[in-house]
Amino acid sequence: GENVEQHPSTLSVQEGDSAVIKCTYSDSASNYFPWYKQELGKRPQLIIDIRSNVGEKKDQRIAVTLNKTAKHFSLHITETQPEDSAVYFCAASKGDSNYQLIWGAGTKLIIKP
Amino acid sequence: EAGVTQFPSHSVIEKGQTVTLRCDPISGHDNLYWYRRVMGKEIKFLLHFVKESKQDESGMPNNRFLAERTGGTYSTLKVQPAELEDSGVYFCASSHPNTGELFFGEGSRLTVL
Numbered sequence: 001g002e003n004v005e006q007h008p009s010t011l012s013v014q015e016g017d018s019a020v021i022k023c024t025y026s027d028s029a030s031n032y033f034p035w036y037k038q039e040l041g042k043r044p045q046l047i048i049d050i051r052s053n054v055g056e057k058k059d060q061r062i063a064v065t066l067n068k069t070a071k072h073f074s075l076h077i078t079e080t081q082p083e084d085s086a087v088y089f090c091a092a093s094k095g096d097s098n099y100q101l102i103w104g105a106g107t108k109l110i111i112k113p
Numbered sequence: 001e002a003g004v005t006q007f008p009s010h011s012v013i014e015k016g017q018t019v020t021l022r023c024d025p026i027s028g029h030d031n032l033y034w035y036r037r038v039m040g041k042e043i044k045f046l047l048h049f050v051k052e053s054k055q056d057e058s059g060m061p062n063n064r065f066l067a068e069r070t071g072g073t074y075s076t077l078k079v080q081p082a083e084l085e086d087s088g089v090y091f092c093a094s095s096h097p098n099t100g101e102l103f104f105g106e107g108s109r110l111t112v113l
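Each protein sequence line maps, in turn, to chains A and B. With this note's numbering, the residue at position 89 of the first sequence is 89, and numbering never jumps. With this note's numbering, the residue at position 79 of the second sequence is 79, and numbering never jumps.
These are computed hints drawn from the structure, not numbers from a lab. All values derive from a computational prediction rather than experimental measurement. Check before you lean on any hint, since a few could be wrong.
Said to hold, decoys possible - Listed next, the in silico DSS-like pairs over lysine-lysine satisfying Cα-Cα at most 27 Å (straight line):
1) B/K54 with A/K94
2) A/K42 with B/K78
3) A/K58 with A/K94
4) B/K41 with A/K22
5) A/K94 with B/K44
6) B/K44 with A/K71
7) A/K42 with B/K41
8) A/K42 with A/K58
9) A/K68 with B/K44
10) B/K44 with A/K42
11) B/K41 with A/K112
With the rest of the complex left out, here is chain A (with noise of 0.2 Å):
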């Protein structure tokens, strides 16, 4: 079946520096790529989404580039800070369906002082 991998499982980087988070996805129909970001102890929330007629996003300090080709998508943070700490969840949709969501397993991203 469709499934979403991503990569790494935990990110530790520095502050002040940039962290990046891949998933490849393998449902070639896919054509909607959400962000989730859940802080610890609270609900995902969605941070940043991009569809396949676009090959980049980007919203202040984040950005998501999508290969289409490559069936992969990256999630780009930039001058990270402690509230950037989180796990970061991809998705893929089901075919062209916005409701139906193939899930990547989340990055732990922590960000050091």
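Model the placement of chain B on the given structure of chain A, informed by the hints.
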């Protein structure tokens, strides 16, 4: 506006017992989803309601799990009888009718001993 609320936040039960989890979605959100995350693994889709109808229940692991959404408002997820492998965090989410963005609850952590 109130977010998605889940109850209980944590439940500890013995194998063979029954547990019922409840989710109250954001008012006006017709789409409601149940997900499960087992320790350190990906978020797995369980099922999707549109109002009171089960749109997709392909992710329900077996017939020990029963989800209902009578009246199209809150939803319950019953596990009966619970097994050890049912332990995990059960997330409920509802989605914005236009964007498809998922709004998650804080999750119900289930521990089966």
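So, going through the hints one by one against the coordinates:
1. B/K54 with A/K94: At roughly 17 Å apart (the allowed maximum being 27 Å), A/K94 and B/K54 satisfy the hint.
2. A/K42 with B/K78: Between A/K42 and B/K78 the Cα gap is close to 23 Å, so the pair holds against 27 Å.
3. A/K58 with A/K94: Measuring from Cα to Cα gives roughly 24 Å; hence the hint holds.
4. B/K41 with A/K22: holds, 16 Å
5. A/K94 with B/K44: The hint holds at about 13 Å.
6. B/K44 with A/K71: Judged against 27 Å, a Cα distance of about 20 Å means the pair holds.
7. A/K42 with B/K41: Holds. A/K42 to B/K41 sits at ~17 Å (cutoff 27 Å).
8. A/K42 with A/K58: holds, 24 Å
9. A/K68 with B/K44: holds, 23 Å
10. B/K44 with A/K42: Given that 27 Å is the threshold and the Cα spacing comes to 18 Å, the pair holds.
11. B/K41 with A/K112: holds, 24 Å
When each numbered hint is compared with the structure, no violation occurs for any of them.
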